[in-house]
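A.B. asks: Residue numbers (the working numbering), protein chains in the order written: chain A, 68 to 431; chain B, 15 to 143.
Careful, some of the hints might be misleading.
[To be verified] Far from chain B by the CB rule (all over 10 Å, computed), these chain A residues:
#1 Cys81
#2 Arg233
#3 Thr376
#4 Gly422
[Claimed, not checked] For the chain A half of the interface with chain B, some residues (derived, Cβ under 8 Å), not all of them:
#5 Ser99
#6 Gln100
#7 Leu101
#8 Gly290
#9 Arg352
#10 Gly355
#11 Phe377
#12 Gln423
Rather than coming from a laboratory, the hints here were simulated on the basis of the structure.
Glycine included, every Cβ here is placed at the ideal spot set by N, Cα and C.
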Amino acid sequence: MLKRTPLFESHRQCNAKLVDFSGWEMPLHYGSQLEEHHAVRRDAGMFDVSHMLAVDVLGAHAKDFLLQLLANSVARLSRPGKALYSCMLNAQGGIIDDLIAYYVADGVYRLVVNAGTADKDLEWISRRRDSAALKVDVVARRDLAMIAVQGPKAREKFWQAKPALRKDSENLSSFSAEPAADWLIARTGYTGEDGFEITLPAGQAEGLWESLLAAGVKPAGLGARDTLRLEAGMNLYGQDMDESVTPIESGLQWTVDLSGVRDFVGRDAISELQPARKLAGLVLRERGVLRAHQKVHTAHGAGEITSGTFSPTLGLSIAFARLPVAVGLGEEVSVEVRGRNLVARTVKYPFVRHGQSLIDDQLA
Amino acid sequence: MSIPAELKYTDTHEWVRKEADGSVSVGITHHAQDLLGDLVYVENPQVGREVKKGEECGVVESVKAASDIYAPLTGKIVAVNEELADAPEKINEGAYDAWMFRLQPAEPGELETLLDAAGYGTLVESETH
Numbered sequence: 068m069l070k071r072t073p074l075f076e077s078h079r080q081c082n083a084k085l086v087d088f089s090g091w092e093m094p095l096h097y098g099s100q101l102e103e104h105h106a107v108r109r110d111a112g113m114f115d116v117s118h119m120l121a122v123d124v125l126g127a128h129a130k131d132f133l134l135q136l137l138a139n140s141v142a143r144l145s146r147p148g149k150a151l152y153s154c155m156l157n158a159q160g161g162i163i164d165d166l167i168a169y170y171v172a173d174g175v176y177r178l179v180v181n182a183g184t185a186d187k188d189l190e191w192i193s194r195r196r197d198s199a200a201l202k203v204d205v206v207a208r209r210d211l212a213m214i215a216v217q218g219p220k221a222r223e224k225f226w227q228a229k230p231a232l233r234k235d236s237e238n239l240s241s242f243s244a245e246p247a248a249d250w251l252i253a254r255t256g257y258t259g260e261d262g263f264e265i266t267l268p269a270g271q272a273e274g275l276w277e278s279l280l281a282a283g284v285k286p287a288g289l290g291a292r293d294t295l296r297l298e299a300g301m302n303l304y305g306q307d308m309d310e311s312v313t314p315i316e317s318g319l320q321w322t323v324d325l326s327g328v329r330d331f332v333g334r335d336a337i338s339e340l341q342p343a344r345k346l347a348g349l350v351l352r353e354r355g356v357l358r359a360h361q362k363v364h365t366a367h368g369a370g371e372i373t374s375g376t377f378s379p380t381l382g383l384s385i386a387f388a389r390l391p392v393a394v395g396l397g398e399e400v401s402v403e404v405r406g407r408n409l410v411a412r413t414v415k416y417p418f419v420r421h422g423q424s425l426i427d428d429q430l431a
Numbered sequence: 015m016s017i018p019a020e021l022k023y024t025d026t027h028e029w030v031r032k033e034a035d036g037s038v039s040v041g042i043t044h045h046a047q048d049l050l051g052d053l054v055y056v057e058n059p060q061v062g063r064e065v066k067k068g069e070e071c072g073v074v075e076s077v078k079a080a081s082d083i084y085a086p087l088t089g090k091i092v093a094v095n096e097e098l099a100d101a102p103e104k105i106n107e108g109a110y111d112a113w114m115f116r117l118q119p120a121e122p123g124e125l126e127t128l129l130d131a132a133g134y135g136t137l138v139e140s141e142t143h
């Protein structure tokens, strides 16, 4: 039996095509994945992300515990409301999950973790908590729903839908959050566009969905979410990284804080690592579509595509590939696509930000 | 969406229409495009190529997945719909209007071995339940 979010009936009413995503019955699209993609790049779209799990870490030692648990440092969260992207590593430096950590208030932190890894994460966090001998409470918040409203018009339409929340969220800077009664409004997302991610009690989710619909926000499914995040240069857990690779080999070195002497899980392994591989951006120079697991041949050895798709914004195919470290930017590589070898070029990513291509100069 | 009664069908979801000049037009069914979602790339066979029934002779790719196109009949490719190269979405907009290629059949009577609309309807039904 697949799990359903509090918005399941809303999806049905919007004619969602539903699929199994990590054990959850989720919308793939509501008719056209491409239209949903463009709505987010040009106007405003919304995603049900309630399958992701909010895990509250509570108590006077919450910060100390997270300093050990996460590869990025929550000490960077200078004031309540700030958020941080981080990997959670095992002792070998392998990625257990990637997450967002919110500093809600002193002694109150919230982690938002992936749906497919939620059970594994909870077990890991509880085990670390027990062995760290720090008294913190770890609370899985299955009572909450999450809606991401994304796009250049997302904030404006959210305020149109919920005028009373305008003053709470108007001055939020990027990667910050503000509690409003039992809601948490965060200026974060997974699309490369402006917008909010709103966490609220499950029973209120349908009401918010309805008022966002009325404000002209287009429902968008997992299909558009995938093309948007790939264009925005954001990794997907289970595809671009997992426990067999480190953040250094996944384009996430910027999220590992090795400053000072902070002793976090995986630090020793990461510090000693001489990586042989890295994650690179690819743009296909011919007609066709790059897909995960296609083989890549370079002047420095072979590699593999981890995520690939047709980019609706750019009108060509883009991908992430795990390649030998020696492969530089702007190099031509060859990808095995359905029995043919097609030419692709390595590029610096993100591919798209705020509706604009970032690769035009690199292809010139 | 109803399945046009005047067409023939394969169990790999191609439709086949008999033309006045004796050739047949081939496309993918409404059901096939619905499963694939938004199409972004169409690869047609070369004009002049001889194909056997069931042989791979093209590809349609959506944002989500790639799917091979199989020759519904043995024969020779006599035309391809060039328009689809720049506008693959035409298949989503009207699957039975967006022909992919035309084929001159080499085996008389082979067309009659394909599924009719009722037979294809049963196949779609069995795959969706």
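A.B. asks: Please go over all the hints and tell whether each is borne out by the structure.
C.D. replies: Hints versus structure:
1. A cut-off of 10 Å between C-beta atoms confirms that Cys81 of chain A is not in contact with chain B; the least separation is 16 Å.
2. Here Arg233 of chain A stays apart from chain B, with its beta-carbon at least about 35 Å from theirs, past the 10 Å limit.
3. Against chain B, the non-interface label of Thr376 of chain A is violated: not every CB pair exceeds 10 Å, the least being about 6 Å.
4. Distance to chain B confirms Gly422 of chain A as a non-interface residue, since its nearest Cβ pair spans about 18 Å, more than 10 Å.
5. Interface restraint check for Ser99 of chain A: the shortest CB-CB distance to chain B comes to about 6 Å, inside 8 Å, so the restraint holds.
6. Checking Gln100 of chain A against chain B: minimum C-beta separation of about 5 Å stays under 8 Å; hint holds.
7. Contact between Leu101 of chain A and chain B, as hinted, is supported at the beta carbon level, the nearest pair being about 4 Å apart and thus within 8 Å.
8. With 8 Å as the threshold, the beta carbon of Gly290 of chain A comes within range of chain B, its nearest partner Cβ sitting at about 6 Å, so the hint holds.
9. Interface restraint check: Arg352 of chain A against chain B, minimum CB-CB distance 14 Å, threshold 8 Å, status violated.
10. Interface hint at Gly355 of chain A: satisfied, since its Cβ lies 6 Å from the closest Cβ of chain B, which is below the 8 Å cut-off.
11. Given hint, Phe377 of chain A at the interface with chain B, holds; its Cβ is 4 Å from that chain's nearest Cβ, closer than 8 Å.
12. About 21 Å separates the beta-carbon of Gln423 of chain A from the nearest beta-carbon of chain B, more than 8 Å, and the hint is not met.
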